[in-house]
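*Asks:* Chain by chain, the residues run as shown.
2 protein chains.
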Amino acid sequence: MQLTRTQVARSGVRPNRASRRVLVAKAAKTANGPRIAVVGITGAVGQEFLTVLTERNFPYSSIKMLASARSAGKKQEFEGVTYTIEELTENSFNDVDIALFSAGGSISKTLGPVAAKAGAIVVDNSSAFRMTEGVPLVIPEVNPEAMSHIKIGKGGAIIANPNCSTIIALMAVTPLDRVAHVKRMCVSTYQAASGAGAAAMEELRQQTRDVLDGKPAQPKIFPQQYAFNLFSHNSSMDVALGYNEEEMKLVKETRKIWNNPKIRITATCVRVPVMRAHAESINLEFEKDISEAQALEALAAFPGVSIINDRQNNRFPTPLDATTKDNVFVGRVRRDISRDDNKGLDLFVCGDQIKKGAALNAVQIAELLLK
Amino acid sequence: MQLTRTQVARSGVRPNRASRRVLVAKAAKTANGPRIAVVGITGAVGQEFLTVLTERNFPYSSIKMLASARSAGKKQEFEGVTYTIEELTENSFNDVDIALFSAGGSISKTLGPVAAKAGAIVVDNSSAFRMTEGVPLVIPEVNPEAMSHIKIGKGGAIIANPNCSTIIALMAVTPLDRVAHVKRMCVSTYQAASGAGAAAMEELRQQTRDVLDGKPAQPKIFPQQYAFNLFSHNSSMDVALGYNEEEMKLVKETRKIWNNPKIRITATCVRVPVMRAHAESINLEFEKDISEAQALEALAAFPGVSIINDRQNNRFPTPLDATTKDNVFVGRVRRDISRDDNKGLDLFVCGDQIKKGAALNAVQIAELLLK
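Chains as they are written, first to last, in full-length UniProt numbering: chain A, 1 to 371; chain R, 1 to 371.
This is chain A alone, in the form it adopts within the complex:
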């Protein structure tokens, strides 16, 4: 994904004022901190890396802003310092402890191993290494133990950031799995434009404006009209199975993250005309009984989860609740009335696709390395 900050601002997403204040107030540069590189600094996730590093007061002794030759030489402000964006090359990683990668799968595939060989710990936001054996796939709240053997200064490594839909689903489902063991998940997603990049967000805005003005929508990125419409996720389809890649990521990544090859998952992934937070309707089957009260208690105790579950006022999570927020929002928690037993629950989950779905999770992985 390659969104510039300007493109994100133009997308109608509310500016994160809290984080701007923090940007001025804090400076986390310390002599003891790791040497960081941000790969893909001009992208939306690259920019969000900076926001999150500041918000979390992440310590660093140096930070290197890396991008393609096209952006090299441009300036990047960060925590009161003006940095010059450097061209990303094979030699970018000799003096780097942690490299946050978000420059697309092909760059990760080429330069991720180079960075690791040079001694850096790569936290990779692409799908390049997620299913590679030996590469930990980590949601810090869920499976930090998967990366416990990786330490700064003890050699390079690659750690993969899961796909946004997987992270958002598992933030809500993992606490319930720990109570009653999930046997089967049936997920329908409501996915935002941001997952398909800046141009997709701009396409949604432009088409919407055109349709409101009575003009025909002009699909470019997606073959379908996006304004006031929705469609099956645009990732490539396994023609034999009939599942698309986004759906299979949910299946395969969950198995790896939970270290549970038996977990049964079916998913239908749908792109809806929303800017940057995903929603997911999740039906769960458990091995053991689980009550609504137990579920809510487990969710409330889980870090990174907020509950909006006000039945009286019909108030539950929406994508806008989650937009620019760290936490994943969970609601509609209820016993599945299609079952006679107490082994089924339904829930509705929203999470920011750029934040917990990407940049925040990666920075949290980096934080684990500091411990």
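Don't take every hint at face value.
Which copy is meant is left open, because identical chains are indistinguishable; a pair holds if it fits in one copy or across any two.
Stated by the list, open to error - Listed below are the simulated DSSO-like cross-link pairs for lysine-lysine, each with C-alpha atoms no more than 30 Å apart in a straight line:
#, residue 1, residue 2
1, Lys183, Lys109
2, Lys325, Lys215
3, Lys215, Lys74
4, Lys262, Lys343
5, Lys371, Lys117
6, Lys75, Lys154
7, Lys29, Lys262
8, Lys262, Lys183
9, Lys262, Lys75
10, Lys252, Lys343
11, Lys343, Lys288
12, Lys109, Lys371
13, Lys288, Lys109
14, Lys117, Lys252
Quick caveat, the hints were computed from the structure, so don't treat them as lab data.
Position chain R against the provided structure of chain A, taking the given hints into account.
*Replies:* Below, chain R without anything else, positioned relative to chain A:
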């Protein structure tokens, strides 16, 4: 629902040119046809009744346009004749064979029985009588037998039109049920603005314009922002169960229509920023084995269903495909990979909420009365 034709036109929905041509070309008035009344003629469904009557060349010897006192005296063009809208009263039904009601639940509750007592067969689009014992709840392609005892000229009666989400789901699921018997349905909906009326459609348009212009969205009908957002369906919630009315309609109406009190259903109903066609992601568990090929064959043979299921080109139904169309569109038909057996399928369904979800289904019920 009370949308005027102008409001519908303003909503950005494409005008149905084909039906306009038909409007000029056909005249179904015959000496032998039934005497019809349209109750709620100024509403979106009332207007759609007229479009559908013409499109289907529905025969009638007379047609009466009924609305509240506010609209009485206004003119209504229909098939080349200018009618004067009459005030709806207890005496409106003495010379009526078929009364198509779509003026809200409270008017149906009050005047539906009055019309039936006067000898009219009421086809009621509200939820007032759907679950009333003795009132057939009919999707003509699914359970025409439920109303086979009702005949024109043999006394008045009430026949209920199911809820839009139920009709759209069952058009897709009934042919599969007939092949392999559905045991359990898990549904997540993506519902259009039109189901909440004209003001909701206008709210979506206005808020979207405001957000694009950088202004704050002003929620009126819905407590949540609707532009570039989505939220749990706004129908009233069963606080103990945690299911809303829209979801319970799917459960209860399906049981009645299929005459199968054992069918297990869970649903999550969600309002998305789309104008007038609903989408539904449906996971099905069957008693018997069913292959994708069997499912597609059954769907292709079922009247009123169109299949869009092109895995090679990632082309599946969207709300815009269904907008103003009679048929319900089905795709993403695939074996549920969360199961080891061949007793599970996933599918994605889209249908026009005003047409098959309301007016068309009611007119089809009226057509059954002509046989």
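*Asks:* Now look at each hint and say whether the structure bears it out.
*Replies:* To see whether the hints hold, each was checked on the structure:
no.	hint	verdict
1	Lys183 with Lys109	neither (34 Å within a copy, 46 Å between copies)
2	Lys325 with Lys215	between (35 Å within a copy, 21 Å between copies)
3	Lys215 with Lys74	neither (38 Å within a copy, 32 Å between copies)
4	Lys262 with Lys343	both (17 Å within a copy, 18 Å between copies)
5	Lys371 with Lys117	within (22 Å within a copy, 79 Å between copies)
6	Lys75 with Lys154	neither (33 Å within a copy, 84 Å between copies)
7	Lys29 with Lys262	neither (45 Å within a copy, 64 Å between copies)
8	Lys262 with Lys183	both (8 Å within a copy, 23 Å between copies)
9	Lys262 with Lys75	neither (49 Å within a copy, 66 Å between copies)
10	Lys252 with Lys343	both (23 Å within a copy, 22 Å between copies)
11	Lys343 with Lys288	both (6 Å within a copy, 23 Å between copies)
12	Lys109 with Lys371	within (28 Å within a copy, 67 Å between copies)
13	Lys288 with Lys109	neither (41 Å within a copy, 45 Å between copies)
14	Lys117 with Lys252	within (27 Å within a copy, 61 Å between copies)
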